[in-house]
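Dock chain C against chain P, hints included.
The residues making up each chain are set out below.
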Amino acid sequence: MKIVATDRKGATREVEGRDGWSVMEILRDAGFDIAAECGGACACATCHVYVTDGWFEKLPARSDAELDMLDMALAVEPNSRLSCQITCSPELDGIAVTVAPE
Amino acid sequence: MSSPIETDVAIIGAGPIGLFAVFELGLLDLKCHLIDILDRPGGQCTELYPEKPIYDIPGLPIVTGQELTDRLLEQAKPFNPTFHLSQMASALTKLDDDRWKLTTDVGTEIIAPVVVIAAGGGSFVPKRPPIAGIESYEGKSVHYAVRKMEQFRGKNILIAGGGDSALDWTINLAPIAAKLTLVHHRDGFRAAQHSVNQMRELAAHGKINFEIASVKALHGSDGQLSAVTLANPEKKEWEHACDTFIPFFGLTIKLGPIADFGLNLTENLVAVDTAKFESTTPGIFAIGDINTYAGKLKLILSGFHEAALMAQAAFHIVKPNEKLRFQYTTSSSSLQKKLGVA
Numbered sequence: 501m502k503i504v505a506t507d508r509k510g511a512t513r514e515v516e517g518r519d520g521w522s523v524m525e526i527l528r529d530a531g532f533d534i535a536a537e538c539g540g541a542c543a544c545a546t547c548h549v550y551v552t553d554g555w556f557e558k559l560p561a562r563s564d565a566e567l568d569m570l571d572m573a574l575a576v577e578p579n580s581r582l583s584c585q586i587t588c589s590p591e592l593d594g595i596a597v598t599v600a601p602e
Numbered sequence: 067m068s069s070p071i072e073t074d075v076a077i078i079g080a081g082p083i084g085l086f087a088v089f090e091l092g093l094l095d096l097k098c099h100l101i102d103i104l105d106r107p108g109g110q111c112t113e114l115y116p117e118k119p120i121y122d123i124p125g126l127p128i129v130t131g132q133e134l135t136d137r138l139l140e141q142a143k144p145f146n147p148t149f150h151l152s153q154m155a156s157a158l159t160k161l162d163d164d165r166w167k168l169t170t171d172v173g174t175e176i177i178a179p180v181v182v183i184a185a186g187g188g189s190f191v192p193k194r195p196p197i198a199g200i201e202s203y204e205g206k207s208v209h210y211a212v213r214k215m216e217q218f219r220g221k222n223i224l225i226a227g228g229g230d231s232a233l234d235w236t237i238n239l240a241p242i243a244a245k246l247t248l249v250h251h252r253d254g255f256r257a258a259q260h261s262v263n264q265m266r267e268l269a270a271h272g273k274i275n276f277e278i279a280s281v282k283a284l285h286g287s288d289g290q291l292s293a294v295t296l297a298n299p300e301k302k303e304w305e306h307a308c309d310t311f312i313p314f315f316g317l318t319i320k321l322g323p324i325a326d327f328g329l330n331l332t333e334n335l336v337a338v339d340t341a342k343f344e345s346t347t348p349g350i351f352a353i354g355d356i357n358t359y360a361g362k363l364k365l366i367l368s369g370f371h372e373a374a375l376m377a378q379a380a381f382h383i384v385k386p387n388e389k390l391r392f393q394y395t396t397s398s399s400s401l402q403k404k405l406g407v408a
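Respectively, the protein sequence lines represent chains P and C.
FYI, the numbering used here numbers position 9 of the first sequence as 509, with every residue one higher than the one before it.
FYI, the numbering used here numbers position 27 of the second sequence as 93, with every residue one higher than the one before it.
Worth flagging that the hints you see were computed from the coordinates, not collected in a lab.
Incorrect hints may have been included.
Pairs of lysine to any residue, SDA-like flavour, derived with a Cα cap of 25 Å [what the hints assert, rightly or not]:
hint, chain 1, residue 1, chain 2, residue 2
1, P, Lys509, C, Ile200
2, C, Lys364, P, Glu602
3, C, Lys282, P, Ala541
4, C, Lys302, P, Glu591
5, C, Lys362, P, Gly539
6, C, Lys320, C, Thr174
7, C, Lys160, C, Thr340
8, C, Lys404, C, Asn146
9, C, Lys160, C, Pro70
10, C, Lys282, P, Glu602
11, C, Lys193, P, Arg508
12, C, Lys364, P, Asp529
13, C, Lys320, P, Gly510
14, C, Lys214, C, Arg106
15, C, Lys118, P, Gln585
16, C, Lys302, P, Ala575
17, C, Lys282, P, Asp529
18, C, Lys193, P, Glu591
19, C, Lys362, P, Ala541
20, C, Lys273, C, Leu239
21, C, Lys301, P, Tyr550
Here the structure is a predicted model, which is why all the values come from computation and not from measurement.
Extracted from the complex, chain P is given alone in its bound form (with noise of 0.2 Å):
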């Protein structure tokens, strides 16, 4: 699967995911600057992106610990999401998101 995903100063690249990984792990290995200060663990609000509208949708809700800890992001939109709490799968193939400013 794909994910198109676009850097803080406006740059987007497509990076292949992998099934059962974290977005903001592909995200992380493909060089993008995200700090995912806590490893992935839905305790920090360091790994936060805006999922393009259409994409959003198809997600799996937000849980309650992942909107509790965007409490904790900056310029949060109603397209957030932390992107640990996001997991490829085939169905995701093309997911666009955006890195949140830090």
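For chain C alone, kept in the frame of chain P given last:
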């Protein structure tokens, strides 16, 4: 100012690795002082995930961040380390006698022949909202903490956030503020329920305002705020008059002043050897998440190993004329005396 503290080892960071370093150094009779920017020991374990279980600590099949910290504190207790909390290690200078002087942002000075950097990802600092020009208001009309409540008497305050800090300060500042508005992006909070109830009570009685919105822009001049632009999907954008803005979005980790210590850094990590975990600057060691070497894994258990090897090397620097006797805690009565169990 008080005179500098002299000790064997100064440790930057009181997270799990800094705490275990106290134990390993203590077994070798080396005394430690620790500095941490947080107000309690534990580092990321207590700040980010106190309640979350950790499954990969050898011998502890399941332990939370808080429990692990408590156990490490108990293990280090016989060695009576001194904690300098709520302060940031801000400068490192070499003295003429080859020892190091570590200075903190509140003026504490520690002189030691060995400095151990166990700072994880760096310092926890307040998150700064990505609002254009916010820097120019900081310190004057934008604050990230409340140190003296009186400073906020009679102000028209805007507080942003949905955690305990945002709620607690909304409740505490409401009686002394001229006007207080809490702004949060949703009608839900990750704060103690009684605080949420108290805030809603204040709002229901008109003592505060609560807006579901986000802050988009700041307006003012010479560092003095006069209004902000708020926005939400229903009302779009509107201006809200206020003279003080206090955003509470928790903490994030920045490397901070360690970057200016003159150490050999690779992508914000301290390069070390794998025999002593010493940086390329003699006497300065780095253990835990802050270091890098071939094969490095950012695991707590790796940091424990690094602390043990670091301690052996530190001993030879602090006590150059003494022979290190390698002993086991199970069989050595002298180690057991140090631990207070013999």
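Verification of the hints:
no., hint, verdict
1, Lys509/P with Ile200/C, "holds, 19 Å"
2, Lys364/C with Glu602/P, "holds, 23 Å"
3, Lys282/C with Ala541/P, "violated, 29 Å"
4, Lys302/C with Glu591/P, "violated, 33 Å"
5, Lys362/C with Gly539/P, "holds, 15 Å"
6, Lys320/C with Thr174/C, "holds, 21 Å"
7, Lys160/C with Thr340/C, "holds, 24 Å"
8, Lys404/C with Asn146/C, "holds, 11 Å"
9, Lys160/C with Pro70/C, "holds, 14 Å"
10, Lys282/C with Glu602/P, "holds, 15 Å"
11, Lys193/C with Arg508/P, "holds, 17 Å"
12, Lys364/C with Asp529/P, "holds, 15 Å"
13, Lys320/C with Gly510/P, "holds, 23 Å"
14, Lys214/C with Arg106/C, "holds, 21 Å"
15, Lys118/C with Gln585/P, "holds, 16 Å"
16, Lys302/C with Ala575/P, "holds, 15 Å"
17, Lys282/C with Asp529/P, "violated, 31 Å"
18, Lys193/C with Glu591/P, "violated, 35 Å"
19, Lys362/C with Ala541/P, "holds, 21 Å"
20, Lys273/C with Leu239/C, "holds, 11 Å"
21, Lys301/C with Tyr550/P, "holds, 21 Å"
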